[in-house]
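Asks: Sequence:
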Amino acid sequence: MLVSVDKYTTSFTDLGVTITGGKTDPPICYKISAFDLDANESEHSFPPRCVTSNEIGKEVIKDDDNLSNFSFYLHDAFPNPFNPTTMVKYSIGEKGFVSLRVLDVLGNVVAKLVEEEKPAGEYSVSFNASNLPSGIYFYSITSGKFTATKKLILLK
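When we follow my numbering, the leftmost residue of the sequence shown carries the number 1, and every step to the right adds one.
In the SDA-like style, the derived pairs of lysine to any residue whose C-alpha atoms are separated by at most 25 angstroms in a straight line are:
(1) 145 x 96
(2) 95 x 77
(3) 150 x 133
(4) 151 x 87
(5) 150 x 130
(6) 89 x 129
(7) 156 x 84
(8) 89 x 109
(9) 156 x 110
(10) 89 x 106
(11) 150 x 41
(12) 156 x 134
(13) 89 x 79
Since the hints were made in silico from the structure, they are not lab data.
Take these sequences, add in the hints, and give me the full structure.
Replies: Listed below in structure tokens is the structure:
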């Protein structure tokens, strides 16, 4: 949590780090999560965000050629179990064709969520299973040499 920003000191209380004046080496990296009113915590952001002292207090926008902070990752769907929609988040580390599909337990494709070229970055897509019966499904991503599969549970 950013406590104070001025021209001399910036404090991140949850990290126990203070930057005074000048340069930070290495950059400070952090993940973010949120709590709802019932104290349920969300997934942490991925990949971590990194800043240096000269970027603090400024909006940092990176172009497609400067996205080396991204890596390949398939997040857990949320909510899961779900009825009838869930959100699938994923990160890709480099520009390439992305295939994100939902399969039944027999390996049949029941939905194609993404089938296109994407630049490096973080993405999310909603999956609506209102036309499917309750049961166990899998969502699988392929991009370049990266492949990952995770389980979904649809409870109606």
